[in-house]
Amino acid sequence: MNGTRTTGSPYAPHTDDDTAAMLEAVDADSVDDLFDIPPAVWFDDEFGIDARTEREARQLVRQTLERNDDLVELLGRGHYGYYVPSLVDHLADRSEFLTSYTQYQPEVSQGFLQALFEYQSLLVELTGLEVANCSMYDAATALGEAATLADRVRDTSGHRVLVPDLLLEGRRSTLENYVAGTDLEVETYPTDDSTVDVEALTDTIDEEVVLCYVENPTVRGTIEERLAEIGDLAHEHDALYVLGSDPVALSLLQRPADVGADVVVGDASVLGLPTSYGMGLGLFATRESYLRQVPGRLVGVSEDATDRRAFTLTLQTREQHIRRERATSNICTNQAWVALRTAMHAASLGPSGLIDLAKRDVTRAQDLAARVDDLVGVTAPVDDRHHIREFVVQVDQPAQAVADDLEEHGFAVHVVGEHELQVCVAGASDEQIDAFVEAFTEVVR
Amino acid sequence: MSDQGQERERGQDQDRDRERRRELEQGGEREQKEGQGRRYDQARYVSNGHYEPLLSEKDSTHVDVDDDSPLPDDLTRDSLELPELSEPELARHYTRLSQMIYGIDSGPYPLGSCTMKYNPKFTEDVAALDVAAVHPDRSSGSIQGTLELLHRLQDYLARIGGMDAVTLQPPAGAAGEFVGIRVASAYHEHNGDDERDEVIVPESAHGTNFATAALGGYDVVTLPSDDGGRVDLEALEAALSERTAALMLTNPNTLGLFERNITEIAEMVHDVGGLLYYDGANLNALLGRARPGDMGFDVMHYNVHKTFATPHGGGGPGAGPVGVVDELAPFLPEPRVRERGGEGGEGETEYELFAPEHSIGHVHGFQGNWLVLVKTFAYIARLGDDGLLDASAKAVLNANYLADQIDYEVPYGPFHHEFVASAGDQDAADVARRMLDFGVHPPTTKWPEIVPQALMTEPTEVESKETLDTLAEAFQQASASSDDELESAPNRTAVGRIDQTSAARNPRLSWQALQDTNSGEDSA
Chain A
1 MNGTRTTGSP
11 YAPHTDDDTA
21 AMLEAVDADS
31 VDDLFDIPPA
41 VWFDDEFGID
51 ARTEREARQL
61 VRQTLERNDD
71 LVELLGRGHY
81 GYYVPSLVDH
91 LADRSEFLTS
101 YTQYQPEVSQ
111 GFLQALFEYQ
121 SLLVELTGLE
131 VANCSMYDAA
141 TALGEAATLA
151 DRVRDTSGHR
161 VLVPDLLLEG
171 RRSTLENYVA
181 GTDLEVETYP
191 TDDSTVDVEA
201 LTDTIDEEVV
211 LCYVENPTVR
221 GTIEERLAEI
231 GDLAHEHDAL
241 YVLGSDPVAL
251 SLLQRPADVG
261 ADVVVGDASV
271 LGLPTSYGMG
281 LGLFATRESY
291 LRQVPGRLVG
301 VSEDATDRRA
311 FTLTLQTREQ
321 HIRRERATSN
331 ICTNQAWVAL
341 RTAMHAASLG
351 PSGLIDLAKR
361 DVTRAQDLAA
371 RVDDLVGVTA
381 PVDDRHHIRE
391 FVVQVDQPAQ
401 AVADDLEEHG
411 FAVHVVGEHE
421 LQVCVAGASD
431 EQIDAFVEAF
441 TEVVR
Chain B
1 MSDQGQERER
11 GQDQDRDRER
21 RRELEQGGER
31 EQKEGQGRRY
41 DQARYVSNGH
51 YEPLLSEKDS
61 THVDVDDDSP
71 LPDDLTRDSL
81 ELPELSEPEL
91 ARHYTRLSQM
101 IYGIDSGPYP
111 LGSCTMKYNP
121 KFTEDVAALD
131 VAAVHPDRSS
141 GSIQGTLELL
151 HRLQDYLARI
161 GGMDAVTLQP
171 PAGAAGEFVG
181 IRVASAYHEH
191 NGDDERDEVI
201 VPESAHGTNF
211 ATAALGGYDV
221 VTLPSDDGGR
231 VDLEALEAAL
241 SERTAALMLT
251 NPNTLGLFER
261 NITEIAEMVH
271 DVGGLLYYDG
281 ANLNALLGRA
291 RPGDMGFDVM
301 HYNVHKTFAT
311 PHGGGGPGAG
321 PVGVVDELAP
331 FLPEPRVRER
341 GGEGGEGETE
351 YELFAPEHSI
361 GHVHGFQGNW
371 LVLVKTFAYI
381 ARLGDDGLLD
391 ASAKAVLNAN
401 YLADQIDYEV
411 PYGPFHHEFV
421 ASAGDQDAAD
431 VARRMLDFGV
441 HPPTTKWPEI
451 VPQALMTEPT
461 EVESKETLDT
471 LAEAFQQASA
481 SSDDELESAP
491 NRTAVGRIDQ
501 TSAARNPRLS
511 WQALQDTNSG
521 EDSA
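For the record, the sequence lines run as chains A and B.
Following the UniProt record's numbering, the numbering of the first sequence begins with 1 at its first residue and continues without gaps.
Following the UniProt record's numbering, the numbering of the second sequence begins with 1 at its first residue and continues without gaps.
Since no wrong hints were added, every one of them can be taken at face value.
In silico EDC-like pairs for lysine to aspartate or glutamate, Cα to Cα no more than 20 Å straight-line:
| no. | chain 1 | residue 1 | chain 2 | residue 2 |
| --- | --- | --- | --- | --- |
| 1 | A | Lys359 | B | Asp74 |
| 2 | A | Lys359 | A | Asp430 |
| 3 | B | Lys121 | B | Asp105 |
| 4 | A | Lys359 | B | Asp78 |
It should be emphasised that the hints constitute simulated quantities derived from the structure, not laboratory data.
Throw the hints in and build the complete structure from the sequences for me.
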């Protein structure tokens, strides 16, 4: 390199001499001459954003985020903060994983393709379904994609999509946006003790239903007890049976394939990611019969020129970059790196570790519920069901006031009703739970 | 398979390895004579007949669930079968896998339309701060830092795009497009304008535009280009009508050309009551020099993982914030962040979440890809006005310089951040694989289809003249390659040329499927 580096972007390596030589090569007097922008739309103002050194930029982020209160989060409701082993951070942060693009050149992407293939395999084992894609954005968008899949694979004129009345607002609303361009309409069916009211569902379901969605566990932490029966009901009416779950719950609870699920959606980022203000990883698995209707990317096995096994993106004719408006989905950039992290986390736990984690979520939720139930003016769990991870607590006092007081003590819980709180044990240590019981006892006294 | 059979197969594997090594060495010598380009040779690990075994081939452990289960049997699965490996084994597995990947830290990555620029390392650190780990259901009062950062980023992006309001929720560019289309829909519907059922998309547009418009329930009207590769105004006139909901346009377009008639195009679209949508994939070319809002665009998305350097992570996560003009702001997704009204004027500004008046609702279960947004914020804060202005300057300089230096024909012009060369008589995909032999990542191939055997090249601002010269040399060597050399490439990568057809014809998408195939063969 010759000459001094040009100032401006700290990541543009040009020296003054290089810039001059390049301008001469393209026969231009200045860089501005290369911009083919009409004067009427040329921007000659400033954004007013100061440049900073790396140290200052780091400080700015740190100082801004330090305004956040340091709270113990006993929060769940579809998003969980399990401890992620350091192994995951260090390996996923290897720059080849971080700085590569979608694997359109498979010969130089084998490592990532294999890791994604292993992620797909993990989901196949957890769900029992034959096909899993290598990520959607989150549980809500995966549910939206399941609905558009139902719209494509169902031949009838049906237009009803049934979801539980407990469905999270963010999921329901996202689903509504996904089906806005179709004839589908989202309707709710009732729940009883926070699980599906199967009798009420039987009265609601008819031949117009294209999709019946059930979550296990539910958003209130209860475990569904009649999944196979609901599956039969859905199939009797030729509706797609879609189950919502996540990899930790799936390690212990009934295998979706065994209860007749056609599609499993959910958030796989319970493994591999910290809470990250709601960042997710959409899980999507389905039966082989819907393979050519699956949204998103699929990694498959092939052979290279020496007949050795090699991995590649496959069945791309479903995808937007080839099929354009006839694609199964518009998804392009997905959550590949999060899927890598999830696969790493799951691999580091192994089958015993995964099952133990889920079992602990059941017993610790049970124990905590029993401990707060002992307090005067508190009932827990409100729902007379088995729970995993979280449960609803009834308090005599206004729930919001109790939650505010708990926040003063350093604990965050959900307010889910005028006199109902929801508490989640996933991610919290035993010591934190002990301290919570102490604070809760004081607050409701 | 019998032990003898396995032995025989292992022997054949070793023969194959030796043979391949010989081929590679000979090929390597030949290439060394051919050119001086720097090489990026990938690690190859061959054991047990595979490059790197699957986790399931190293270990497969079957665990019954019922032992000590705190739940009744009928609520649990019977068993789980997955690999159970030690931490050192996993560290090696994933390290080996990473060594079989080419990233921007490995070498130049001139993928047209994908803006693969270097990502500074400090942004990873800021996103890894413990304070970045917050649950999305926290009370606003307890996460003022998170909300302040989001508010500042909304403001930065609004200034950069010339837009009035920004949502940060969409988790990717295509998700941003979807928000744009849903917002356009909601706006028209709100105005009682229900007859608009068409979205116009130029033929050179990203595939996502077509798919997004279709997902939004619209008929897609494809717009041909004129002889110069830009929007054909007569064709646009013919396509526009009272049925037009929006025109989706990227500027500069995917050929790297600036749509010089943009103010006229905006006027034409607005005259029929349609909205003008800006696909932000190519915004890197305009930073500090032109703004979509000033060009008459009503709604746009920002690919922050392209323009503002958050690494692509092998295909995501990205984020696709959407900016709109005032008229469309009431329709943006919820929640958005704003300054809390009526603060006493003392102390720090407070922030809160709110739902815009006619919001389309959520497009993500929670708040989108937060970690990506933190990196975006840090990157913009690092560069500031001067850095952003310089980024577009060097991106455009690099594209024009490289276009000038290569042998292949480059139609159209003048170029902004990218150009599309034609491989002519050669197959562009072969050219791409051949370029891998010269140690560089190839450009995007065979798209846009306007250019036959397209090689769509975007060097970005982070490549030096020296690296561009290396790239130019790789293009030249590829163009001078014989048919044999093109058809046998690549030879220096972790695996050889991959048979795509058999992968699609006989889909095997999990290690379970591989096992099934193998056991099928055994029994046959």
